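J.: As a plain string of letters, each chain reads:
2 protein chains.
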Amino acid sequence: MSRAYNFCAGPATLPEPVLRQARDEMLDWRGTGMSVMEMSHRSDEFVEIAETAEKDLRELAGISEDYSVLFMQGGASSQFATIPLNLLGDKGCADYINTGIWSKKAIAEASRYADVNVAASSEDSGFTTVPLQETWHTRADAAYLHYTPNETIGGLEYDFIPDSGAVPLVADMSSTMLSRPLDISKFGLIYAGAQKNIGPSGLVVVIVRKDLLGKARAETPTMMNYQVIADNGSMYNTPATYSWYLAGLVFKWLKEQGGVGAMEQLNRRKSAKLYDFIDRNDFYANPIDPRFRSWMNVPFTLADDRLNGDFLQGAEARGLLNLKGHRSVGGMRASIYNAMPEAGVDALIDYMAGFAKEHG
Amino acid sequence: MSRAYNFCAGPATLPEPVLRQARDEMLDWRGTGMSVMEMSHRSDEFVEIAETAEKDLRELAGISEDYSVLFMQGGASSQFATIPLNLLGDKGCADYINTGIWSKKAIAEASRYADVNVAASSEDSGFTTVPLQETWHTRADAAYLHYTPNETIGGLEYDFIPDSGAVPLVADMSSTMLSRPLDISKFGLIYAGAQKNIGPSGLVVVIVRKDLLGKARAETPTMMNYQVIADNGSMYNTPATYSWYLAGLVFKWLKEQGGVGAMEQLNRRKSAKLYDFIDRNDFYANPIDPRFRSWMNVPFTLADDRLNGDFLQGAEARGLLNLKGHRSVGGMRASIYNAMPEAGVDALIDYMAGFAKEHG
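These protein sequence lines are chains A and B, in that order.
The first sequence maps to residues 1 to 360 in full-length UniProt numbering.
The second sequence maps to residues 1 to 360 in full-length UniProt numbering.
Simulated from the structure, these hints should not be mistaken for laboratory data.
Treat the hints with care, since some could be wrong.
The list cannot tell twin chains apart, which means a pair is met if one copy fits it or any two copies do.
[To be verified] The calculated lysine-lysine pairs, modelled on DSBU-like cross-linking and capped at a C-alpha distance of 30 angstroms, are: (1) Lys357 / Lys252; (2) Lys255 / Lys273; (3) Lys104 / Lys215; (4) Lys273 / Lys91; (5) Lys105 / Lys215; (6) Lys105 / Lys357; (7) Lys105 / Lys210.
Note that the coordinates shown come from a computational prediction; the quantities given were computed from them, not determined experimentally.
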């Protein structure tokens, strides 16, 4: 098979030019006689790769010098503990908003370290909507307010940035990072597992306001201490060098595409097309409150669940892969991150239309 | 430049056939239309890659079903905290042997969680020897005994496996894993950062006796809890899939080479050659007690430190890279892991001979 359209929620499809460059540089990075994965992380070559990646990310996302950018090992799940360990300080309590499975995981882990207040939840709706901020019961003495701007499994996405006042706002941006412009200055901390919009899994990017550093609890493992990681330029130990390099290639690609502004237009167009098609076709349905539909993860069901297997099989035969919904939700899910070309969405819609005509 | 001989201590050189295969499969793994790094970790394809890697590792290293094999994110440095958090149980105290910089780092981190007893140290000798076991002051009530079989920076290596009696033996095998046969049954836990003999950085392999699982302290982050990682087949969260795949390719390559028995012969021959040359040439010196010289990391000094720059420059011009010693030790260091061909050691010796002749 040539390259397929891969709708996996993560690890997700990467830009083909990035993979081509990684392939071409695999045995010999720019005449060094080495693969990037064989380079000392202290070498001039790798330090340049690492610093360029950070510079490009700062430029793309508009990250000021008030923030440290950390390239840490692990993923969002490791940050679920790292965040309370570093940010609680002497406060001991934190506010969380519950909008789905990833929120719940973050809450469960934080509850092991903090007095967690679930300030709002949309569980009663089956996580089909986002509770409006005027209904939230946040606390002024919370160490931070955590939310999940996009629920990858549910396909639910905030269309607003919460106003947390003086309380630092913390966001799991794993599935929306770099998908559109964002006012970073409204956040205390943003984290993003790489395997959706940034690069391969095993890397997590953390953007943290510098005044929040230095408050880690005594029991915090050194490798999870933001201050230590920041002081050492994310090289306290050997970082995930190859993943960092690939992230850098993705950032370069994003710049070539026109940056996050261009991504916003593309992603808005791709998701609008797909939701419009679903809404206009009785054979398909998406359960999410239209205001809060995710641009990145589009879950949908068929009119008859018994056709799911046929649908997936036919899709696969056409090179439309990984459309099966998460086991906790069922149905289908098309993840259409930055690297999913518009032609992939067109091909999906075309297939869906034909399938509905045949079976509807 | 074509492929160089890269003597970096880690990230280190990888087998060229592994890199070639990774290159060839970068855009399309076996007709799936996807790179391995774009695959869902839950997909049949990736699960097969992951399971095959574990199977091959078990076969290569002779790991019985009494042990769990974990593919965790991070490196040895993250394990420095993970180990006490998981193994102390209700004991609170642990024994450590101090033979160099990596031992000291392990001790420093463990001391944040445990009553650490440094049962023996060779610091007085400048870490040029290993304290013999009859001089160790270990404790029968220690939760475990930790040692560092090979000090990557110092070039110091144990030629025996300590007898820890009923106390579980814990070893940082980052730089010796799979370099020769090993009786795994003597160990409670072995860990190895991947970036020396296994694959790219950001992955750490943990081999833990199953009866030691399930004792994690309450404050252990879930992502550091061995029991959780074991129960979930190292997929509690999205693992470092691409690194896992590359590790699998390295394991296959090792099997093709004849396994760890063949590696033992090769590594013994490579290191003996290099030490013999150093010992026979007055221009070079290695400070380590000959009994405890590392097969993997060979530090050496020139007769005149002022020639270091010239030596490194000339080496680089011949494609002999990363010979500079660690900043804490100075001089030179040639790391000659499994993937360093014997021809690389020959080329190094040839260069060293010529350099000594010219400057000696």
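J.: Confirm or reject each hint.
T.: Structure-based check of all given hints:
1. Lys357 / Lys252: Neither. Shortest intra-copy (42 angstroms) and inter-copy (48 angstroms) distances fail the 30 angstroms Cα cut-off.
2. Lys255 / Lys273: within (24 angstroms within a copy, 50 angstroms between copies)
3. Lys104 / Lys215: Answer is both: 25 angstroms inside a copy and 25 angstroms across each meet the 30 angstroms cutoff.
4. Lys273 / Lys91: Intra 46 angstroms, inter 61 angstroms, cutoff 30 angstroms: neither.
5. Lys105 / Lys215: Answer is both: 23 angstroms inside a copy and 22 angstroms across each meet the 30 angstroms cutoff.
6. Lys105 / Lys357: neither (40 angstroms within a copy, 65 angstroms between copies)
7. Lys105 / Lys210: Close inside one copy (26 angstroms) and across copies (27 angstroms); limit 30 angstroms.
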